[in-house]
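So the chains spell out like this:
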Amino acid sequence: MTIYCQKKNKPANWRLADLDQLLWADWGEDTIVFNGLSADTHLLNAMSLDVLLLLAKQPLSLDQLITSLANQWQQTSEQLAKPVSNLIHNLDCLGLIEPDFT
Amino acid sequence: MKIADLTVMELQERLRTGLMYQIGPFKFQLTVKNCKTLVSQLHWLFAHYPTFSQPQLIDFSIQVKRPQLWRRWWRPQVEFRTDGEPGMAPFPLDHALPMLEWGSNWCIATHAHRYLMLHAAVVERNGQAILFPAWPGSGKSTLCAALSLSGWRMLSDEFGLLEPETGLLQPLPKLIPLKNTSIEVMKRFSPEAVIGPLFEKTRKGMVAHFRPPAASIERAEEKAHPRWVIFPRYKPGANNELILVEKSQALLRLANNAFNYKLLGVSGFQAARQLVDQCSCYELNFDNLRAVIPLLLSLYEQQPASQSAKSISRVVNETAG
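If you read the sequences in order, they're chains W and E.
For what it's worth, the numbering used here labels the leading residue of the first sequence as 509, then goes sequentially.
For what it's worth, the numbering used here labels the leading residue of the second sequence as 230, then goes sequentially.
Keep in mind that the hints are not guaranteed to be accurate.
[To be verified] 20 Å max Cα-Cα, derived SDA-like pairs, lysine to any residue: (1) K433(E) / Q306(E); (2) K256(E) / L552(W); (3) K491(E) / E537(W); (4) K491(E) / K590(W); (5) K262(E) / P319(E); (6) K256(E) / P319(E); (7) K491(E) / L551(W); (8) K416(E) / T395(E); (9) K256(E) / D526(W); (10) K491(E) / L531(W); (11) K491(E) / D528(W); (12) K491(E) / G544(W); (13) K265(E) / P321(E); (14) K408(E) / K464(E); (15) K464(E) / V423(E); (16) K491(E) / L527(W); (17) K408(E) / P420(E); (18) K265(E) / I287(E); (19) K464(E) / T410(E); (20) K231(E) / V423(E); (21) K590(W) / L570(W); (22) K491(E) / D526(W); (23) K408(E) / K256(E); (24) K491(E) / A547(W); (25) K433(E) / R343(E); (26) K491(E) / L570(W); (27) K491(E) / A525(W); (28) K491(E) / L552(W); (29) K231(E) / W273(E); (30) K256(E) / P321(E); (31) K491(E) / D548(W); (32) K491(E) / P567(W); (33) K491(E) / D608(W); (34) K430(E) / P319(E); (35) K491(E) / L602(W).
If you're looking for bench data, these hints aren't it; they were derived computationally from the structure.
Nothing here was measured: the structure is a model prediction, and the numbers come from that model.
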């Protein structure tokens, strides 16, 4: 899945939909995030949490995300490309992240 | 004054013009017309509820009456109205009490949004409460009724009313609708159980109402601290055991179990998170009340420590910064 900037014709970055609207709960097991924009509650696995934490720092493209996670998890980018791409699609559908066209 | 202090004739007259009574934090004004059987059932089952004759600020004005015309003679029916508007489809006349109970639940579920309303039973002992969130068929009501006769104070059966500002549970000691086999179970459990008439072939099967003990109603203003969240599940052959539930899973289950969680938005999440944070969470698989009651008593006596939530919002915000 690749979303392109309309003007620059390059892959868009991804960012958190609205950091101020996300509320968290974590007791050392799975992490729960509540999205104040949709009033939905989500249970995050480790990869989802890491993606959201990376995007909380700064907007990143899909390729940048894959590279960062590959370094973090000591795996190859090829191994992570498909699962991260699917995850980004799902997080976008849930309204937790959005394309950053700026 | 309690409803029991009225004679049946006085109650009938009050119901004709509008009986004001209180259950937990809610004041009702109930008008009943041409339903003599319901009057005597209310005199018995609502006996301990406080009633007022002076004008009061009413939360719910509800009416139970028979429809006009030919329905008076052919399969007679009864209607539930709230503020004059139909609340639900008519019921057979002899099911007026279950209709009143479900109708008043509907009023609360659609209006009482100052609380996070969990579909849960609540009992309390020395200020510490167990919340039993569960969907129908779990044995929640039977368990709640049995505990209320075993040294626990019943706060509520249908609604776990959680105050977001204080984190306290508000009592709402309504009648407990026992269904199908649980009616016999409770009759056998204790001769002290006050159980109303049997209503067969209702929309939820056979129903009879358990009257909350007088002490539960008299102490309906005493809120309680939630201490345990226990998800009960009646299952024949179960081991009658408590299984620890991860707090994140408990929070998700509560979010899916509330009447108005999404409606409350952020405050609903914060209230549910705080609730889980201060409680130990378990699943209870049971098939025997006699085994479960000492199990819950030993849990109460042990009072296991609760682990607080890490503030991940701080972690995320620091990361973002």
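Evaluated hints:
1. K433(E) / Q306(E): At roughly 18 Å apart (the allowed maximum being 20 Å), Q306(E) and K433(E) satisfy the hint.
2. K256(E) / L552(W): violated (42 Å)
3. K491(E) / E537(W): violated (24 Å)
4. K491(E) / K590(W): Violated, because 33 Å separates the two Cα atoms, which is more than 20 Å.
5. K262(E) / P319(E): holds (15 Å)
6. K256(E) / P319(E): The hint is violated at about 24 Å.
7. K491(E) / L551(W): Between K491(E) and L551(W) the Cα gap is close to 16 Å, so the pair holds against 20 Å.
8. K416(E) / T395(E): Cα-Cα ~37 Å, so violated.
9. K256(E) / D526(W): violated (41 Å)
10. K491(E) / L531(W): holds (14 Å)
11. K491(E) / D528(W): holds (18 Å)
12. K491(E) / G544(W): holds (9 Å)
13. K265(E) / P321(E): holds (14 Å)
14. K408(E) / K464(E): Measuring from Cα to Cα gives roughly 16 Å; hence the hint holds.
15. K464(E) / V423(E): violated (25 Å)
16. K491(E) / L527(W): Distance of about 19 Å is within 20 Å: holds.
17. K408(E) / P420(E): With Cα atoms ~18 Å apart, K408(E) and P420(E) stay inside 20 Å; holds.
18. K265(E) / I287(E): Distance ~24 Å between K265(E) and I287(E) Cα, so the pair is violated.
19. K464(E) / T410(E): Between K464(E) and T410(E) the Cα gap is close to 13 Å, so the pair holds against 20 Å.
20. K231(E) / V423(E): Distance of about 17 Å is within 20 Å: holds.
21. K590(W) / L570(W): holds (11 Å)
22. K491(E) / D526(W): Status holds; Cα separation ~18 Å.
23. K408(E) / K256(E): The given pair, whose Cα atoms are some 27 Å apart, is violated under the 20 Å limit.
24. K491(E) / A547(W): holds (5 Å)
25. K433(E) / R343(E): violated (29 Å)
26. K491(E) / L570(W): Distance of about 31 Å is beyond 20 Å: violated.
27. K491(E) / A525(W): It holds: about 19 Å lies between the C-alpha atoms, which stays within 20 Å.
28. K491(E) / L552(W): holds (19 Å)
29. K231(E) / W273(E): holds (12 Å)
30. K256(E) / P321(E): Status violated; Cα separation ~26 Å.
31. K491(E) / D548(W): holds (7 Å)
32. K491(E) / P567(W): violated (29 Å)
33. K491(E) / D608(W): Given pair K491(E), D608(W) is violated - Cα atoms ~28 Å apart, limit 20 Å.
34. K430(E) / P319(E): Measuring from Cα to Cα gives roughly 15 Å; hence the hint holds.
35. K491(E) / L602(W): holds (15 Å)
In summary, the structure is inconsistent with hints 2, 3, 4, 6, 8, 9, 15, 18, 23, 25, 26, 30, 32, 33 from the numbered list given earlier, while agreeing with the others.
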